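For the protein sequence lines, the chains are A and B, in the order given. Just so you know, the first sequence maps onto residues 1 to 264 in the working numbering. Just so you know, the second sequence maps onto residues 1 to 264 in the working numbering.
The set of hints was computed from the structure by calculation and includes no laboratory data. Bear in mind that the values here come from a model prediction, so they are computed numbers and not experimental data. Where hints are given, some of them may not hold.
Any copy will do: because identical chains look the same in the list, a pair fits if it lies in one copy or spans two.
List time: in silico DSSO-like cross-link candidates among lysine-lysine, alpha-carbon distance up to 30 Å [said to hold, decoys possible]: (1) K214 with K158; (2) K70 with K264; (3) K158 with K99; (4) K237 with K214; (5) K188 with K264.
There are 2 protein chains.
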Amino acid sequence: MPAKASKKSTTNKPLILITNDDGITSTGIRALVEAMRELGKVVVVAPDSPQSGMGHAITLDEPLRIESLKIFEDVDSYQCSGTPVDCVKLAVNKILKRKPDLCVSGINHGSNSSINILYSGTMSAAMEASIEGIKAVGFSNLNFSYNADFSGPKKYAKQIATSVLKNGLPTNTLLNVNFPDLHMNKIKGIRVCRQAIAKYEEDYNERIDPRGRKYFWLTGKFVNSDPGNDTDEWALKNGYVSVVPVQFDLTAHHAISRINTFWK
Amino acid sequence: MPAKASKKSTTNKPLILITNDDGITSTGIRALVEAMRELGKVVVVAPDSPQSGMGHAITLDEPLRIESLKIFEDVDSYQCSGTPVDCVKLAVNKILKRKPDLCVSGINHGSNSSINILYSGTMSAAMEASIEGIKAVGFSNLNFSYNADFSGPKKYAKQIATSVLKNGLPTNTLLNVNFPDLHMNKIKGIRVCRQAIAKYEEDYNERIDPRGRKYFWLTGKFVNSDPGNDTDEWALKNGYVSVVPVQFDLTAHHAISRINTFWK
Numbered sequence: 001m002p003a004k005a006s007k008k009s010t011t012n013k014p015l016i017l018i019t020n021d022d023g024i025t026s027t028g029i030r031a032l033v034e035a036m037r038e039l040g041k042v043v044v045v046a047p048d049s050p051q052s053g054m055g056h057a058i059t060l061d062e063p064l065r066i067e068s069l070k071i072f073e074d075v076d077s078y079q080c081s082g083t084p085v086d087c088v089k090l091a092v093n094k095i096l097k098r099k100p101d102l103c104v105s106g107i108n109h110g111s112n113s114s115i116n117i118l119y120s121g122t123m124s125a126a127m128e129a130s131i132e133g134i135k136a137v138g139f140s141n142l143n144f145s146y147n148a149d150f151s152g153p154k155k156y157a158k159q160i161a162t163s164v165l166k167n168g169l170p171t172n173t174l175l176n177v178n179f180p181d182l183h184m185n186k187i188k189g190i191r192v193c194r195q196a197i198a199k200y201e202e203d204y205n206e207r208i209d210p211r212g213r214k215y216f217w218l219t220g221k222f223v224n225s226d227p228g229n230d231t232d233e234w235a236l237k238n239g240y241v242s243v244v245p246v247q248f249d250l251t252a253h254h255a256i257s258r259i260n261t262f263w264k
Numbered sequence: 001m002p003a004k005a006s007k008k009s010t011t012n013k014p015l016i017l018i019t020n021d022d023g024i025t026s027t028g029i030r031a032l033v034e035a036m037r038e039l040g041k042v043v044v045v046a047p048d049s050p051q052s053g054m055g056h057a058i059t060l061d062e063p064l065r066i067e068s069l070k071i072f073e074d075v076d077s078y079q080c081s082g083t084p085v086d087c088v089k090l091a092v093n094k095i096l097k098r099k100p101d102l103c104v105s106g107i108n109h110g111s112n113s114s115i116n117i118l119y120s121g122t123m124s125a126a127m128e129a130s131i132e133g134i135k136a137v138g139f140s141n142l143n144f145s146y147n148a149d150f151s152g153p154k155k156y157a158k159q160i161a162t163s164v165l166k167n168g169l170p171t172n173t174l175l176n177v178n179f180p181d182l183h184m185n186k187i188k189g190i191r192v193c194r195q196a197i198a199k200y201e202e203d204y205n206e207r208i209d210p211r212g213r214k215y216f217w218l219t220g221k222f223v224n225s226d227p228g229n230d231t232d233e234w235a236l237k238n239g240y241v242s243v244v245p246v247q248f249d250l251t252a253h254h255a256i257s258r259i260n261t262f263w264k
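Given the sequences, and given the hints that come with them, work out the whole structure.
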């Protein structure tokens, strides 16, 4: 089944892997396919069902399925039964004949700025590609609606992907790109930022099921207490596309010397 | 149901939240309960089923259940239907009457050193607690067996938790602690380290199901190409307990200036 995937990989067109976490039928991935198809040979490998909030989950205890689909015109597409990270691993190891030149993930329906990066399947898929040594970018739109306006995100996703294909990225670095919920002409441009120090103030909606047992729905609101004007939250609030360079070395290097005093 | 949880929270004993990703019936969490009960008032809130490899997944589209259990003597215990991160959110928002003084996660059956931190439900639970402003440590033992020797891990988990309760941790920093698979007397001590730059070289075991359809099992081997003697992998290989201070600001701060040149 994966035989066709990189038939054209011997041409000098860049090979672009597209994935997401909202599933292969989302409008966001369709927008990303449209934006990327002009830049290279596109292959889509995405989850067969919505996988929002999956973070960097991988499937260890269940077998995985891959199915070839005709869903995007002239684009090889595969749906996979696993998580977004599984999709990238399967694409690289089982579907593509060579390492892609770029992996783009999204366009996510909803923000992955600030602390959202940790919960995001979209960003974890991009991170997995980066771990594999592939240039990677995750894209997210600050609008949850199925019918969101993707004109701005498409324009800027194309511009950002073009820059990454041309310039490369520093080793072990990927990009977290978020789009403000604005019409294309209202977006002020691109800002390179740091991740804002923000968090959710959670709550749970408590209900009783028909059998009389309690159950809980996660709710809560996002609170940004970071006053910086160099953050992704600031950029988005002020009409800019936010671009945060992201790393997967989680060491708090600055804390090593202090922790070292504990057992000296 | 959560009424009893922090009955003793008015005493001056530290309140210690314990969670994990192997599920509430694992031997690893039992070892951690035994190690922590001498240090304070312990409350366990852990998944009702194994959740290895869940990363920072949260449950958005399904309701969550909490059930009070009698599983550890004299310790309030709750099993939860969600992921490890859900357990911490539920504990903080619905079960505990006050913010715990410490959250410990584990003891995981298997390594969470190096890149494993990204896939680990154990570490994501600890990270979620740290996001909530709680001092947090994830513990993992380099032995997958149900009957692994936990004497060394118990001794060192107690020592490390005692240090963290006494000294605190830098803001927005948690600890990733891994134990070498050695008898207590063979462990050489504690090393504060950085996360090794290592990764998995994946493969998939391809099989045919009884209906003639292909399916895939994730396999692969861990490859450490990081030559540093200041890494967690080095410490573990040389008989030390590895302690990596971890942060959840994923910004690659050093890359901002280079990425900024893309659109100037």
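Here's how the hints hold up against the structure:
Taking the closest pair of Cα atoms, K214 and K158 never come within 30 Å of each other, the shortest separation being 47 Å inside a single copy and 35 Å across copies. Taking CA atoms no more than 30 Å apart as the test, K70 paired with K264 passes in neither setting, with 62 Å inside one copy and 40 Å between copies. When the C-alpha separation of K158 and K99 is checked against a cutoff of 30 Å, the pair qualifies only within one copy, where the shortest distance is 20 Å, while the shortest distance between copies is 45 Å. With identical chains, the CA atoms of K237 and K214 are never at most 30 Å apart, being 38 Å at best within one copy and 47 Å at best between copies.
In this homomeric assembly, K188 and K264 come within 30 Å of each other (Cα to Cα) only across copies, at 14 Å, whereas the closest approach inside a single copy is 52 Å.
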